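Chain by chain, the residues:
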Amino acid sequence: MSRFVLRRLLSSMVVIVVIITVSLWITRQAPSNPCLKEREANTCVCVKEHALDRPVFPIHIGSPLQPLKGCEYWQPNSKLALGPITLIGLSDWGNTQFAVYMKTLMSGSLGKSMVTERTVIETLKSGLPYTIHLGIQALIVALFIGIPAGLFAGLRQNTLPDYSVMTVAMIGVSVPNFVLGPLLIMLFSLKLGWFRAGGWESWADSILPSITLGLFYAAYIARLTRGGMLEVIRKDYIRTARSKGLTEKMVVYRHALKGALLPVVSYLGPAFAALLTGSVVVEEIFNLPGVGTHFVRSALNRDYNMVLGTIILYSALLVLLNLVVDILYTVLDPRVSYDE
Amino acid sequence: MNTLPFSWPRQGVRLAAVALCALALAACDKPANDGGGQAAKKADGPAEFVAGSQTKMFTFALSADPQTLDPAKMSGSPEGRIAFNIFEGLLMPGPTSEGLSDPKDLVVPGVAESFEVSEDGKVYTFKLRSNAKWSNGEPLVAEDFVRSWRRVLEPGFPGDYAQILWVIAGGEAYAKGTGKWDAVGVKAPDPHTLEVTLVNPTPYFPELVAFYTFFPTPAATIEKHGDAWTRPANIVTNGPYNLASYREQQEIMLEASEHYWDKDNVKLKQARVRIITDINAVVNAYRTGELHWSGTGLPVAQITGLLAHPDYVKEPMLGIYYYRINVSDPKSPLADVRIRQALALAIDRDSLVDETLNGLYIKAESFVPPGMPGYENKTTTAYNVQKARQLMSDAGFAEGKGFPRVQLLYNTDENHKLVAESVQDMWKRNLGIDAELVNKEWKTYLQDVSAIQYEIARAGWIGDYNDPMTFLDLFVTDNGNNNTGWSDKAYDTLIAQAQAEVDTAKRTALLQQAEAILMERGPVIPIYYYTNNILVSRFIEGFKLHNRDNHLLKYLSLPGLSEQAIKE
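Protein chains in written order, with this note's numbering: chain A, 3 to 342; chain B, 601 to 1168.
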């Protein structure tokens, strides 16, 4: 087991390095750069100017009246001390950017945001507790609604209650959270006044966002549980259990439930990871100070350091949670073993 | 089926049914019951909510987490909103910009109790009050300003607005590393006197001094903590309020400072600043009584339903929404002055503003916004289809025949799209010109504009001070924000002359001539003047219109704050 974990951890490292490399490249492919602002700013200096000798637009070909200012490579003002990002240009990302970034990572830093005055780690640290709190609560919502609903439906296959529950689940899967969130706000904040419309000051503020985030997964888990139950309930060992004269309660709880929940367990890892990384929209709607908000904003600002930092955090979470699920598997299903 | 292990999921079904009904209810929110009674009253009346009823502390929204609290580095309005309350310049913006005839009335004394201007308008002598203090109780002296301004002028200082200090004699040379500090016109002959020498007579200098880039910053604290000096634990300020706490992306708490010289006149002792980036969330929080002031302007779609609410305020802004034209390519028809005029004349701004934009803005027929004390524009570009058509045919494109398809670029946004579609339609109808709408994400749009890789692009400009210069110097040949390729010798000369002119009347005349050139052959099509459409509790006292959105908490009060909250 420990050898398996070690092996998985090592391969995870490789995965993360690949993700960093690809992300580093992709972020530089996005047009524009962090330096450009609405008005000329002092935050970047042009290290390589170019006069626009190519056509200004595809339609009209001609040379400009006067040399126009343009900048091929911007460099953040040296006084900003940003960390890894030195030159912003496409040509040199390969040999210098990658090396510089990796070196910074090794020293335990993710650099400084190019927009705010905080370091990337500081910013992620301040957002992560909210995102995790929200993720866990949403998972609880998902499990507490999803599993009972799925079992209920699964044990009443092809009856009216089954269809009704599954219809609701279908709606749950189909309604996107940017619709559900505002609807919940309209009803519970604006109409009934039970909750605040956004922000995070007390636990009560996390209820609506958790439901908004968790309901999709609840619906999905309900479908998975139902499917699992339908499969298991016909298995030989269930028949054996029944023929032993066990009560239906015993059969379902003791024997069927474990097997029926396997698909749910294997879904939990990705689901939890998705809850953590997928709270971007919900955080925005409910004005929560989580990581997702920073992710979106930094992408729009081309805040390279911040984008990469968030991607590294997200991918590490994803890899780690999948590992945890694999280990959980051996606990739930004795047939699964990772030792040769 | 009664062998089943559960009975409770039946309740689950019931719950689900309730949830469904709830969704349906929320979706069919429109008041269907005209039969009177409580429900109808509640759904229809704009007075269904009371601002701030859920809070016992004065609360307003901030549209973004401030990128920095260092006044020397900041450039945005959320940052400014905080800086104007925790710091104080030599002078400060007054409560209102409305109804003033003299630009001097825009400012009130701050750290300086008075100032004098030399005959040639170039030397300002500020007399600092002796009881001005930092929030740590230390006295604030003239040398603090010298050091603060020097910091901004250091070569390579990463402040977006650093160049605004180049109005000071020798400032530009020092910032570019070619001049010595001794040659810079900021001197403190004694602790309570600050003498500033300017490059040009700058009538708007008092307003500049009331702007955050000119605010004092605590040298010792900055030296000790570096960039981290603005953290709540380290920050030292000098304004009416202290930064009591700061939760990233959530809220900032302000507390009246006990060391502030005018503390007796600060009525709101505390304020909560909620950071809410999503504009819908701001409206929601306002409706649920969590805010007294929306803080930021709300866009067309969000505000229309609230126009009748007594808390709605439309505040004219010192800003213009316009289209800029790339004139850098001589082969393009856009390089032809007649075409540019035709495009400007063919826009029916009355219908655009009143109908398309619900009358939320003010139509712009020239470039410098109205309401600027001491200035009036002399030229207009009124809607005139006949003249526009004539100009088109003079230029060889009668009824738009042979005119190439022109691209109209804007950054992705509902408002910009509305305007662009309307303009596209007017150009097609009135001139026979086909415009293709191109929307790009903000940063990509900025890149295209700054590299002058567009044909016609949406633009906006908010003035930095109440003087036409902040709008007109944009289009001087080498201005970094020109971005059109437009260069006009006569225009450049007029602006330079106006900059050097001491006589107010002559200066105004020069600026009016420059604006006339800009309207006649410049690279701009004015569309509308910005307004700030906000929600502010009608119970707040001291909230007056300000065209630069400067609403200092110092001027506000909310009588019976707690009683009101309890009553609701």
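Hints in this document: simulated from the structure, not taken from any laboratory. Honestly, I wouldn't trust all of these hints.
What the hints assert, rightly or not - Cβ pair distances, simulated, as ranges:
| no. | chain 1 | residue 1 | chain 2 | residue 2 | range |
| --- | --- | --- | --- | --- | --- |
| 1 | A | L194 | B | L700 | 55 to 63 Å |
| 2 | A | V175 | B | S653 | 37 to 45 Å |
| 3 | B | N958 | A | N324 | 46 to 54 Å |
Claimed, not checked - Straight-line C-alpha distance at most 20 Å; calculated SDA-like pairs for lysine to any residue:
| no. | chain 1 | residue 1 | chain 2 | residue 2 |
| --- | --- | --- | --- | --- |
| 4 | A | K193 | B | Q986 |
| 5 | B | K656 | A | E40 |
| 6 | A | K39 | B | L906 |
| 7 | B | K1017 | A | E40 |
| 8 | A | K39 | B | K656 |
| 9 | B | K1028 | B | K1089 |
| 10 | B | K1040 | A | F197 |
Said to hold, decoys possible - Covered stretches of chain A (in silico footprint by chain B; criterion: 3 or more residues with CB under 8 Å from a CB of chain B, positions within the stretch not fixed):
| no. | region |
| --- | --- |
| 11 | 106-113 |
| 12 | 124-137 |
| 13 | 273-279 |
| 14 | 301-315 |
If you're wondering where the values come from, they're calculated on a predicted model, not measured in any experiment. The C-beta atom is built at its ideal place from N, Cα and C for all residues, glycine as well.
Hint by hint, which ones does this structure get wrong, listed from lowest number up? 1, 4, 5, 6, 8, 9, 10, 11, 13
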